[in-house]
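Asker: Residue numbers (the numbering used here), protein chains in the order written: chain W, 3 to 718; chain Y, 38 to 254.
Don't read these hints as lab results, they were simulated from the structure.
One thing to keep in mind: the hints can contain errors.
Derived DSBU-like pairs (lysine-lysine); straight-line CA-CA distance at most 35 Å [unchecked claim]: (1) Y:Lys-245 with W:Lys-47; (2) Y:Lys-55 with W:Lys-596; (3) W:Lys-10 with Y:Lys-55; (4) W:Lys-618 with Y:Lys-55; (5) W:Lys-394 with Y:Lys-245.
Quick caveat, the model's predicted, so the values are computed rather than measured.
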Amino acid sequence: MGSRIEIKNWSYRYPLNDAWAVEDLTLNVAAGEKVLLTGRSGWGKSTVLQAIAGILGSADEGGESRGSITIDDTPALQARGRVGLILQNPESQVIFARVQDNATFGGENLGVEREEILTRTEEALHTVDLDAEHGISPQRLAQHLSGGQTQRLAIASIMVMRPDVIICDEPTANLDPDGVQCVVDAIADAARQTGATLLVVDHNVQAWDGIVERRIALGEQVDFEDYAGRYASTRPHGPKALEAQNLSFGYAGEPLSYPLTTHFHTHEVTAITGVNGAGKTTLSLTLAGLLPALAGEVRVSDAIRADLPSAHPSDWDSHQLAERIQYVFQNPEHQFVTNTVLGEMESALRISHPELAKDEEELAYKAKERLAYYDLAEQQAQNPYSLSGGQKRRLTVACAIEAKPKILLVDEPTYGQDPRTWLTLVKMFAKLRDEGTCVITVTHDRAFIDALGARELVIPARTYDENHEDKDTRVDSPSRIVARLNPLTRFFTGLLVGLPLIISLDVVSASVALGAILVVLLALGFSPKKLALYTWPMLIGAAGSFLTVIIHNAQHDPVLASATAIRVLAMSAPAVVLVMGIDPTDLADAFVQKLHLSDRFVYAALAGFRLLPLLKEDLECIHQARTIRGLHTRSKFRQLFSDALSILILAVRRSTTLSLVMQARGFGADVQRTLVRISRTSALDWFAYALAVAIPLLSLGVAYYSGSMNLFGNLI
Amino acid sequence: MNTSSPVTASAATTRSLKWRVVDITVASVIGVASSLIYWLAALAYGPISVLDSFIPGLWGVINGLWLFAAPLALIIVRKPGAAIYAEVVAAILESLLGNSWGGTATFLTGLVQGIAAEVVFLAVAYKVWNLWITVLSGTVAGLACWGYTFFTNLQAIDWNGPYGAMNLITTLISGAVFAGFFVWWLYLGIAQTGALDHFESGRDVRAKATGATRERA
Numbered sequence: 003m004g005s006r007i008e009i010k011n012w013s014y015r016y017p018l019n020d021a022w023a024v025e026d027l028t029l030n031v032a033a034g035e036k037v038l039l040t041g042r043s044g045w046g047k048s049t050v051l052q053a054i055a056g057i058l059g060s061a062d063e064g065g066e067s068r069g070s071i072t073i074d075d076t077p078a079l080q081a082r083g084r085v086g087l088i089l090q091n092p093e094s095q096v097i098f099a100r101v102q103d104n105a106t107f108g109g110e111n112l113g114v115e116r117e118e119i120l121t122r123t124e125e126a127l128h129t130v131d132l133d134a135e136h137g138i139s140p141q142r143l144a145q146h147l148s149g150g151q152t153q154r155l156a157i158a159s160i161m162v163m164r165p166d167v168i169i170c171d172e173p174t175a176n177l178d179p180d181g182v183q184c185v186v187d188a189i190a191d192a193a194r195q196t197g198a199t200l201l202v203v204d205h206n207v208q209a210w211d212g213i214v215e216r217r218i219a220l221g222e223q224v225d226f227e228d229y230a231g232r233y234a235s236t237r238p239h240g241p242k243a244l245e246a247q248n249l250s251f252g253y254a255g256e257p258l259s260y261p262l263t264t265h266f267h268t269h270e271v272t273a274i275t276g277v278n279g280a281g282k283t284t285l286s287l288t289l290a291g292l293l294p295a296l297a298g299e300v301r302v303s304d305a306i307r308a309d310l311p312s313a314h315p316s317d318w319d320s321h322q323l324a325e326r327i328q329y330v331f332q333n334p335e336h337q338f339v340t341n342t343v344l345g346e347m348e349s350a351l352r353i354s355h356p357e358l359a360k361d362e363e364e365l366a367y368k369a370k371e372r373l374a375y376y377d378l379a380e381q382q383a384q385n386p387y388s389l390s391g392g393q394k395r396r397l398t399v400a401c402a403i404e405a406k407p408k409i410l411l412v413d414e415p416t417y418g419q420d421p422r423t424w425l426t427l428v429k430m431f432a433k434l435r436d437e438g439t440c441v442i443t444v445t446h447d448r449a450f451i452d453a454l455g456a457r458e459l460v461i462p463a464r465t466y467d468e469n470h471e472d473k474d475t476r477v478d479s480p481s482r483i484v485a486r487l488n489p490l491t492r493f494f495t496g497l498l499v500g501l502p503l504i505i506s507l508d509v510v511s512a513s514v515a516l517g518a519i520l521v522v523l524l525a526l527g528f529s530p531k532k533l534a535l536y537t538w539p540m541l542i543g544a545a546g547s548f549l550t551v552i553i554h555n556a557q558h559d560p561v562l563a564s565a566t567a568i569r570v571l572a573m574s575a576p577a578v579v580l581v582m583g584i585d586p587t588d589l590a591d592a593f594v595q596k597l598h599l600s601d602r603f604v605y606a607a608l609a610g611f612r613l614l615p616l617l618k619e620d621l622e623c624i625h626q627a628r629t630i631r632g633l634h635t636r637s638k639f640r641q642l643f644s645d646a647l648s649i650l651i652l653a654v655r656r657s658t659t660l661s662l663v664m665q666a667r668g669f670g671a672d673v674q675r676t677l678v679r680i681s682r683t684s685a686l687d688w689f690a691y692a693l694a695v696a697i698p699l700l701s702l703g704v705a706y707y708s709g710s711m712n713l714f715g716n717l718i
Numbered sequence: 038m039n040t041s042s043p044v045t046a047s048a049a050t051t052r053s054l055k056w057r058v059v060d061i062t063v064a065s066v067i068g069v070a071s072s073l074i075y076w077l078a079a080l081a082y083g084p085i086s087v088l089d090s091f092i093p094g095l096w097g098v099i100n101g102l103w104l105f106a107a108p109l110a111l112i113i114v115r116k117p118g119a120a121i122y123a124e125v126v127a128a129i130l131e132s133l134l135g136n137s138w139g140g141t142a143t144f145l146t147g148l149v150q151g152i153a154a155e156v157v158f159l160a161v162a163y164k165v166w167n168l169w170i171t172v173l174s175g176t177v178a179g180l181a182c183w184g185y186t187f188f189t190n191l192q193a194i195d196w197n198g199p200y201g202a203m204n205l206i207t208t209l210i211s212g213a214v215f216a217g218f219f220v221w222w223l224y225l226g227i228a229q230t231g232a233l234d235h236f237e238s239g240r241d242v243r244a245k246a247t248g249a250t251r252e253r254a
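Given the sequences, and given the hints that come with them, work out the whole structure.
Answerer: Quick look at the structure:
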């Protein structure tokens, strides 16, 4: 049932900040009431919502709070798990690989009974339309869901927790118009079914009509619709700057939409719109020459091309590109290349003012002047990552503009911005357009398009047999027998079978072991081709160790060298072949249930694994950003160092968000977790262990009786 | 509940060694990001790796690059076991993805190197957090890395002969440089962005920076 939320004179200040993020807020929401908070930004909404969810304000965070927030008279910090939190960014709320595992997670953390969790999960997935009826299996990989579907998955997982309060932080801001209504309906259904108190922060007021009972205005109230047409161009567009001819765009040879033919002009803003997943960002990267076209071509006008041999941006080098085309990424943190705000601006001015490159003093002077123009002078010595969200956006757009490109592409510039930054951006783009730049922006923001009177280019999603289920079928192992083993068995038998071989360095034991291992693997159903595919890097490693020993062994002994190489293979081949295809979730379950390792550590690691593909995407964006900023000609090792730093910064950011999301689902509480998935072992597992011990014992035995035992080689 | 709960730097000195959820996720994701960086390093290093067998010590020079996850996670999170945890997470991820060092064996290597990096901080009871202890930790991890290789794959070569000695020296230096100095540089770089404000380690760096700016002003 719903609970009462009482916020009394509450203030919060983040560590190292002089200013309060929220000051003296008082707000009461009755049990079961449904309330919409409007006001775009500027009153610390995310801070308040996190505090209500009980995931902000504990002592060791170093922040400072005053006043109180209670849920039915219990301090919010102690009511964690009773409040379900839905965030703006759908992707950040996916914790595990599969739909079902995300849905059950909150219930497991709260220690709800297993059967009950399964019943609730089925109901919840049905309520949010993520069930078989809608063609979605519980085993579907969450990464194959659309933005709106992912957001609905977050709602389902909150429902399974049966919260007393559901709070939503701009849950529709990231979605295309089609996705918005489904998500709003799903939240309304969730609140109705659970009877929970509902508190939504959103600026899309119309969407919540008929659902909320009360509206409260907080912070700055701006009606963006008032700006429609106010910054539209007063003249017709200029000549053609960029054209797409039958352009097909996508990743890994797979086109995302239909081939596109269109022109982009100077003195014109074009807004690329379309549903999530139609490939708008991919298209913009392709237009900028940062991704190769799958088919067709991207050409710039002769005026922009000037003396370059090619009119295709993807053929240009980093410097030629940066002078002509600038690109602003959706996440500003992908864009930074220096460690001060001033450095960012200097880097941009080096592109537009090559004559200043040698005069550091003049460059700094000019950079400071430009920063002042964009109201960033005070921040010039700061680290760009430490700026506020609005300042980061302004800085990245400002740097792109100051590089004086002929064509500017911007991905979702107004996403998550407060009204002041929004208006500043509108003015910046209007001015740029009026000066003759060809501006292309990817956006969902209707008010932004209307304010600039932009030309709209709608990218249709490609309709194809949406058969993700094929990709989702699990491939545990090419061997049916191995696939039936507990993942822990696979993990440790691969290790066990090789480890005892360390005792003796001789050709006999190594060869017997390798032979036996090959026979067993073939009998298990691994084809020779598969084995070769899995183990070829080890063949190289074995050859390398042969060479090393024959060169550096005191006697250059070929027998010892051969023994080393064969043993390297015998030790590594099973360890690789058996683990290939293990599902990380199954392995984590086995670690917790069979080895009794701490579930907090194991599942946090599992959630971390899911970030790997996202970090790879981050890395790709970072490289593209360097290219577009004219910096892509550096030594490999310097590149490695700066990549490492950038990736780690983004990794820490992502993991901090991950910890919020996991805690909002009750993770880390002192409750005995329920285990929905059960890790099983059978007689087959014990047989596998026996075999894994028998093979090295047999090999060492043969070596012993044939007199070729060689204890630890030259080690002792 | 109408109380104020200010937490100042002085109150934070009686800090807890108990892991918070954010400590766990950050340490785990440092492990995950490290395995991505190891992979990048392998790309950068790939072209010269063929020379390993011929030039003694070359292999050692680069070895430290594969050791940085453990000390980095520990100096950021400052909780006992962080080095081992991050390194093991990285190793398990690598073994599941498949690499050229032999599947599950990576797990053992990771465990050994994580323990080595951890031991140094354990010896000072997790009370000292500075550049030199980090460099020492990286060096000891280098020692473990060298020892592990000679104990398993290179038994045929005298560990105390010229090749072994050359590799020992270069691996120690490499551990000190990459898992020590480089790690400290990464830590400062990350902390300056404000990404570590949830951590005492991050606030230490930022408080110093703002203090210095104020003094100048």
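Asker: All hints, please: hold or fail.
Answerer: Here is how each hint holds up against the structure:
| no. | hint | verdict |
| --- | --- | --- |
| 1 | Y:Lys-245 with W:Lys-47 | holds (30 Å) |
| 2 | Y:Lys-55 with W:Lys-596 | holds (25 Å) |
| 3 | W:Lys-10 with Y:Lys-55 | holds (31 Å) |
| 4 | W:Lys-618 with Y:Lys-55 | holds (31 Å) |
| 5 | W:Lys-394 with Y:Lys-245 | holds (23 Å) |
When the structure is compared with the earlier hints, no violation turns up for any of them.
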